[in-house]
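The listed protein sequences derive, respectively, from chains A and B. When the letters of the first sequence are read in order and numbered with this note's numbering, they come out as residues 1 to 153. When the letters of the second sequence are read in order and numbered with this note's numbering, they come out as residues 1 to 153.
Each hint should be verified, as a subset may be incorrect.
Copies of the same chain are indistinguishable here, so a pair counts whether it falls within one copy or spans any two.
[What the hints assert, rightly or not] Only pairs whose alpha carbons sit at most 25 Å apart, straight line, appear in this in silico DMTMM-like list of lysine to aspartate or glutamate:
| no. | residue 1 | residue 2 |
| --- | --- | --- |
| 1 | 32 | 4 |
| 2 | 147 | 17 |
| 3 | 32 | 104 |
| 4 | 32 | 17 |
| 5 | 147 | 104 |
| 6 | 147 | 107 |
| 7 | 32 | 3 |
Just so you know, the hints here were simulated from the structure itself, not pulled from any lab data.
There are 2 protein chains.
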Amino acid sequence: MQDDQGYLQRAVALARDNLEAGGRPFGALLVKDGAVLAEAVNEIHLSGDPTAHAELLAMRAASQSLGPRLEGCVIYASGQPCPMCLAAMHLSGVSRAVFAIANEEGEPFGLSTAAIYQQLALPLAQQRLPVRHLPQAGATALYQRWKDLHAQG
Amino acid sequence: MQDDQGYLQRAVALARDNLEAGGRPFGALLVKDGAVLAEAVNEIHLSGDPTAHAELLAMRAASQSLGPRLEGCVIYASGQPCPMCLAAMHLSGVSRAVFAIANEEGEPFGLSTAAIYQQLALPLAQQRLPVRHLPQAGATALYQRWKDLHAQG
Chain A
1 MQDDQGYLQR AVALARDNLE AGGRPFGALL VKDGAVLAEA VNEIHLSGDP
51 TAHAELLAMR AASQSLGPRL EGCVIYASGQ PCPMCLAAMH LSGVSRAVFA
101 IANEEGEPFG LSTAAIYQQL ALPLAQQRLP VRHLPQAGAT ALYQRWKDLH
151 AQG
Chain B
1 MQDDQGYLQR AVALARDNLE AGGRPFGALL VKDGAVLAEA VNEIHLSGDP
51 TAHAELLAMR AASQSLGPRL EGCVIYASGQ PCPMCLAAMH LSGVSRAVFA
101 IANEEGEPFG LSTAAIYQQL ALPLAQQRLP VRHLPQAGAT ALYQRWKDLH
151 AQG
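In isolation and in its complexed conformation, chain A is listed as follows (with noise of 0.2 Å):
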């Protein structure tokens, strides 16, 4: 863990210049057996992607030689993951995550994803954004048959 330090600081080195080149101030490092697999910043201005957030990137960019499943993967963040990109990370095994600014720190400029975390930890039928669930008939069908087709042994 001695080299966290050192990946931080690249992580918020690459943030400030994304911020100077028109971007937001987000960068990431995504890190395997001491190797850097990838850099990335936050990319909304120039894809238009909402999804194109530092970490989320860098996961997308090391899976092209790892595959899906990240374990033994490091994100260093300059700022800390918003609630997408945790997931991502639970979702791929990503094994831990530094980051240097807390959502508390970038509150006051707007900058915190402590809100969406909020609605996320409330039951549906409390969140701000409606999701509705329309049971279908038969739906739950294809469910076993994932089951059927991936039993193992």
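Since the structure of chain A is provided, determine the placement of chain B on it from the hints.
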């Protein structure tokens, strides 16, 4: 909302087709003003990208014509959106979401993300995935600079 049923049936049909084509049983539509702007399926089996969920791909596709703000858009998903996808909806301003199969129904088949929702709702120090805040001297000056560059009026 009368069309919710039809759009959702289409999302389930996409999921079914994707399963039979070797993918995971998830499909989604993005609809705005009664027009289907994007259809997508889970493409992890094709791209190796762990973020290639149907809902995320539908949002990314729609953003290529709409840009990063997706207000007025509705997502129809065969399965209950995972926290990565739901957070992306919050981030981009998607107006609402409708899904057919709930996490509770997916649980027996290993097709639920309820456990990840539970993780994200915990304080960082209690989450299974270690996420460490390592403050960097002067890093928040980056956010002040962001504010200075983008201050209104």
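Hint check results:
1. 32 - 4: Intra 12 Å, inter 44 Å, cutoff 25 Å: intra-copy only.
2. 147 - 17: between (47 Å within a copy, 15 Å between copies)
3. 32 - 104: neither (29 Å within a copy, 35 Å between copies)
4. 32 - 17: within (24 Å within a copy, 36 Å between copies)
5. 147 - 104: Between copies, since 16 Å is at most 25 Å while 43 Å is not.
6. 147 - 107: The answer is between: 12 Å across copies meets 25 Å, while 44 Å in one copy does not.
7. 32 - 3: Classified as within; 12 Å inside a copy, 47 Å across copies.
This entry does not satisfy hint 3, going by the numbered hints stated previously; all others are met.
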